[in-house]
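Asks: Protein sequence lines, in the order shown, are assigned to chains H and Z. Each residue of the first sequence is one higher than the one before, starting from 1 at the first, in the numbering used here. Each residue of the second sequence is one higher than the one before, starting from 1 at the first, in the numbering used here.
Do not take every clue at face value.
[To be verified] With the C-beta cut set under 8 Å, the calculated list includes, among others, these residues of chain Z facing chain H:
#1 H21
#2 R23
#3 S25
#4 A78
#5 Y89
#6 N91
#7 Q129
#8 R139
#9 Y141
#10 L171
#11 A176
#12 A182
#13 M383
#14 I530
#15 S531
#16 R545
Hints listed in this document are in silico derivations from the structure and should not be mistaken for laboratory results. We put the CB at the ideal spot given by N, CA and C, even for glycine.
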Amino acid sequence: MNLTLRVWRQDGPDRPGRFETYEMRDVSPDMSFLELFDTLNERLVAEGREPVAFDHDCREGICGSCSMMINGRPHGPERGTATCQLHLRKLPDGATITVEPWRAAGFPIVRDLVVDRSAFDRIVEAGGYITAPTGSAPDANEILVPKEVADAAMDAAACIGCGACVAACPNGAAQLFTAAKYAHLSLLPQGQPERWRRVVGMVREMERWFGSCTNHGECETACPKEISIDVIAMLNRDFVRAQLRNRAPAAQRA
Amino acid sequence: MGTIDLDPKVPPGPLQEKWDHHRFSVKLVNPANRRRFTVIVVGSGLAGASAAATLGELGYRVELVTFHDSPRRAHSIAAQGGINAAKNYRNDGDSIQRLFYDTIKGGDYRSREANVYRLAQVSVQIIDQCVAQGVPFAREYGGLLDNRSFGGAQVSRTFYARGQTGQQLLLGAYQALARQIAAGTVRLWNRTEMLDLVTHEGRAVGIIARDLVTGELRRFSGHAVVLATGGYGNVFFLSTNAKASNATAIWRAHRRGALFANPCFTQIHPTCIPASDEFQSKLTLMSESLRNDGRIWVPARVGDDRAPHEIPEDERDYFLERRYPAFGNLVPRDVASRAAKREVDAGRGVGPLRNGVYLDFSEAIARLGRPLIEERYGNLFQMYERITGEDPYVVPMRIYPAVHYTMGGLWVDYNLMSTVPGLYVLGEANFSDHGANRLGASALMQGLADGYFVLPATISDWLAPLLGTPLVPTDDPVFAATEAATSERIHRLLSVRGRRSVDHFHRELGRILWDHCGMERSAESLDKAISDIPALREEFWTDVRVPGGEEHLNQSLEKAGRVADFLEFAELLVRDARHREESCGGHFRVEYQTPDGEALRNDAEFAYVAAWEWAGEGAEPVLHREPLRFEAVQPTQRSYK
Numbered sequence: 001m002n003l004t005l006r007v008w009r010q011d012g013p014d015r016p017g018r019f020e021t022y023e024m025r026d027v028s029p030d031m032s033f034l035e036l037f038d039t040l041n042e043r044l045v046a047e048g049r050e051p052v053a054f055d056h057d058c059r060e061g062i063c064g065s066c067s068m069m070i071n072g073r074p075h076g077p078e079r080g081t082a083t084c085q086l087h088l089r090k091l092p093d094g095a096t097i098t099v100e101p102w103r104a105a106g107f108p109i110v111r112d113l114v115v116d117r118s119a120f121d122r123i124v125e126a127g128g129y130i131t132a133p134t135g136s137a138p139d140a141n142e143i144l145v146p147k148e149v150a151d152a153a154m155d156a157a158a159c160i161g162c163g164a165c166v167a168a169c170p171n172g173a174a175q176l177f178t179a180a181k182y183a184h185l186s187l188l189p190q191g192q193p194e195r196w197r198r199v200v201g202m203v204r205e206m207e208r209w210f211g212s213c214t215n216h217g218e219c220e221t222a223c224p225k226e227i228s229i230d231v232i233a234m235l236n237r238d239f240v241r242a243q244l245r246n247r248a249p250a251a252q253r254a
Numbered sequence: 001m002g003t004i005d006l007d008p009k010v011p012p013g014p015l016q017e018k019w020d021h022h023r024f025s026v027k028l029v030n031p032a033n034r035r036r037f038t039v040i041v042v043g044s045g046l047a048g049a050s051a052a053a054t055l056g057e058l059g060y061r062v063e064l065v066t067f068h069d070s071p072r073r074a075h076s077i078a079a080q081g082g083i084n085a086a087k088n089y090r091n092d093g094d095s096i097q098r099l100f101y102d103t104i105k106g107g108d109y110r111s112r113e114a115n116v117y118r119l120a121q122v123s124v125q126i127i128d129q130c131v132a133q134g135v136p137f138a139r140e141y142g143g144l145l146d147n148r149s150f151g152g153a154q155v156s157r158t159f160y161a162r163g164q165t166g167q168q169l170l171l172g173a174y175q176a177l178a179r180q181i182a183a184g185t186v187r188l189w190n191r192t193e194m195l196d197l198v199t200h201e202g203r204a205v206g207i208i209a210r211d212l213v214t215g216e217l218r219r220f221s222g223h224a225v226v227l228a229t230g231g232y233g234n235v236f237f238l239s240t241n242a243k244a245s246n247a248t249a250i251w252r253a254h255r256r257g258a259l260f261a262n263p264c265f266t267q268i269h270p271t272c273i274p275a276s277d278e279f280q281s282k283l284t285l286m287s288e289s290l291r292n293d294g295r296i297w298v299p300a301r302v303g304d305d306r307a308p309h310e311i312p313e314d315e316r317d318y319f320l321e322r323r324y325p326a327f328g329n330l331v332p333r334d335v336a337s338r339a340a341k342r343e344v345d346a347g348r349g350v351g352p353l354r355n356g357v358y359l360d361f362s363e364a365i366a367r368l369g370r371p372l373i374e375e376r377y378g379n380l381f382q383m384y385e386r387i388t389g390e391d392p393y394v395v396p397m398r399i400y401p402a403v404h405y406t407m408g409g410l411w412v413d414y415n416l417m418s419t420v421p422g423l424y425v426l427g428e429a430n431f432s433d434h435g436a437n438r439l440g441a442s443a444l445m446q447g448l449a450d451g452y453f454v455l456p457a458t459i460s461d462w463l464a465p466l467l468g469t470p471l472v473p474t475d476d477p478v479f480a481a482t483e484a485a486t487s488e489r490i491h492r493l494l495s496v497r498g499r500r501s502v503d504h505f506h507r508e509l510g511r512i513l514w515d516h517c518g519m520e521r522s523a524e525s526l527d528k529a530i531s532d533i534p535a536l537r538e539e540f541w542t543d544v545r546v547p548g549g550e551e552h553l554n555q556s557l558e559k560a561g562r563v564a565d566f567l568e569f570a571e572l573l574v575r576d577a578r579h580r581e582e583s584c585g586g587h588f589r590v591e592y593q594t595p596d597g598e599a600l601r602n603d604a605e606f607a608y609v610a611a612w613e614w615a616g617e618g619a620e621p622v623l624h625r626e627p628l629r630f631e632a633v634q635p636t637q638r639s640y641k
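Bound-form chain H, shown alone (with noise of 0.2 Å):
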C-alpha cells in the first residue's frame, strides 16, 4: 500500500518546528505504524538526513513510551491501541496521514516526535503509592481483598503512562492519568491509611502542570487501555471530601 506521511520536525525545545512530507511506496499492510517510521528512517539515513526522533521500546503496547498523534487522535484511530500496535491494515491506502507529537503545556517537546513527560513522574511522586517499607509487610493472604475490588483496582492499574489523556483534552488536563493511580491504590484496603493524603497531594501536585478537567471526556475515548473517566469521578469525590474531612496535615492544606 501507499502512503503520504506529514511528520511533524523540530530540531530542539526552542526551535521552530514545520511539517516535512514523505512518500512511502508499497509498504506492506502487516507492518506495525513504528515500522512504517524504522523504514522511513532506514531511508532518511541512506539519503544523509537526519531521521526522526520518536520514542519507542517495547512495541508490545505496554511500556507506554509509544507517543504519536495521528490525524489529530492520540494513537491514531483504532480504539485501545497503543501506537506501537497499530497496524498498517487498519489505514486507507493511498491516505496522508498527519502525525505530531502529544501537544500539551505540560509535555514540552524534546525534539521531533518526543516529549517530556516528566511531570507524570512527579504527581506519582506527590502520593501515588502506598508505604510499605520492604521487610515489614505482613503475609500477602493477611489482607483479604475482595475478587471485584481487586478487579477494579487492575482496571485502573492497566493505565500506561503514555500521556495520550492529556494530549486529547482540550485544556491539556491530567485527570485520568492522575485518577486511574489513585483509584488503584485507594480502591484497595491497603491504601487506605494514606488515602486523604494521597488525594491531596497527587491533585495539587497535577494542577501545576496541566490544565483543568471540565469533563470533555476526550481522554477516555484515547485511553489505549480504555480506562474508564468513572476513576475522575472517585478523585475529585475524594478530594473535595478530604478538604471537608480535615484529615490532611496542616502543610498541605496551605
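Position chain Z relative to chain H; hints supplied.
Replies: Then chain Z, alone, in the frame of chain H:
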C-alpha cells in the same frame, strides 16, 4: 593479567541455614551513618527500582541512572504471566525445597545451589511485600490470592495480575522508588545512559553517563556501583526484548575487569508470534501461561494445507502431549522450543510462511466458557489480534520460538558482587540463578529478590569498612581519563560517515547468531560465526553512517554505541558456545544429544560456570572456571516424560 579470585563466597553450614547465617555474619552500617554512603544504581527495572527504593529507605544516598524517560518504562514492564513463590497456598505439595529443586533441575544443573536456595526462600517475602504495596494480584472470590501453573512445575505457585504481572510489579517498585525520590534519598537521572565504568585501584568508584537530551557526559562518583541493566537478548536483533535493551553497561564493565559468565546460555521462548515479513522490528511474546489452557499441535501430515478447523482430531499431532505425557504442554521452555523447531523443520509448520505451530484454545473455551478464558488471557488475545489480524477465540494462535531471556551475565558471588570490588550486578544482568535455562515466572522473582532483599542485606558488608572514606572526586584523573575514552568513542562513531545504517549491521549480526548460534549449535556453525563476526565488526567501523551530532537527542548515535558493543560481545557469546562441548538447557549442541533428541550434559567435564576475562582488543578472552558442587540435589538427566 592479575590473578582472578573466583571465590563464590558461599557461606558455610547446611543449605537451609546459609542465608540466615550470612545475614548474621555480614558487617552492618549503623542507620545514622548510612547517609554518608553514595550508591549508584544503573537501571530502573524490577531489580534496579527495588534496589534503589530499598537502599533509599535504609538511608543510603542513591543516584539512580536510567536511559528511559521514566523509570516505569523499563522492560520488566512487559513480563506477562506471573511470579513464582513457594507459598503453597494451593496445598498441592509445594515448598521452598520444591521450588529450589524445580529451579535447579529446570536450569539443567548449571546454577549455584546456595543462590537458588536463597531465591526460593526469599520468594515468599516478595509476594508479601508486593501485596502490601498494593500490587493488584488476581484473587479468589473469598479475597485470597489466586495462582496458576507454569512450565517445569507440577504445582500451582505462580501469582499473577491478569497478563500484566510485570507491569504491576514494576509499578509497585516504581512507586516505592517515587516515594524515596520525593523523600530526597534517591536522585533520579532519567534519559541518562551509562557508557563506562570508572575504576580506581581495582575497585568500582563511579560511572560515565551521557545525558541523552543534551549530549553532555556526566561523571558519577559512588562508594559502590550497582548494575541492573537487564539482559543481552537483543544481540540477536529479533527478540522479544524492548528495542532499547542492550548490553553496553555490562559489556563496558566486563572490559574494566568484570568476568562474564556463561554468555552462551540464552533462552528461546516457545510461544511467540512468528515473524511475518522482513521489516519486522521485534518479536512479540505470548505468555507461557497460555500453555495452561492452550494445546499445541501441528497437522500430522507434512504439507497439510487445510484450515485448522478442517483438520480432524486424528490427523493432528499434539506433539508435546505425545512426547511428554507427564508435563504435556507445560514442559520447560527449552524443551518446548526445540520440539516446535523439529516439527517446523520437518515440514509440518503452519501459517503462510509455514513457520509456526498451533496453540489452540477451542477445547478450553468449550470446557470453561469464553468469559473465563477472556478473564484469564483477554489482553493477550487482544494483542495477538492486533498484530496478526486473526481472532484467536475462533482461529488457533500460531506461535514459534524466539529469543527471550539470557541466563548468562556478569559473574557474581553470593553477595552479588562481581569480580570488580564494589561493583554489584542484579537481575538478568547477572548470571546467578537460572543455570542453562530459566523457568517461567522466575525472572520477576529473581529481579525482586536481588533488589528488595539480597543486595540491601549484602552491600553493607562492602560499605561498612569504607566508613569515612571520601568519594573519589569527579575531577580525579581516573574520571577524566574514562570520560575522554568515552568521548573519543562517540567521535569515532560519528566520524566514520559510511554508507550503511546502524540497523543494517544489527540485522546482519542477528542473522549470523540466529543461524549459527540459535536454538541448535554445532562446532561447524560456531566456527563460521567466529569468523563472520569480526568481519562484520570491521565493516561496521568502516561503513556505518551515524547522522546528526552529539550535542542533542540523537537516537542513531545511541543505537550505534549499543550495536558496536553487541558486535564485540557476540564473539564472546559464540566462543563460549564453542567451548562448551555438551548440551544443557538452552544451549543445544547437535553433537551432544540422547538417542531421542534430548540435551546430553557432560557433568564430568562441564559442571562449572565459565567465567570469561577480557584480555584486550584483538586478544582471545581467558577462561576461568567456578566448579559447581551439588550437595543437596543429585544431577540427573532431566525428564519430563
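Asks: Run the structure past the numbered hints and jot down the numbers of the failing ones, going up.
Replies: Checked against the structure, the hints that fail are numbers 1, 2, 3, 6, 14, 15, while the rest are satisfied.
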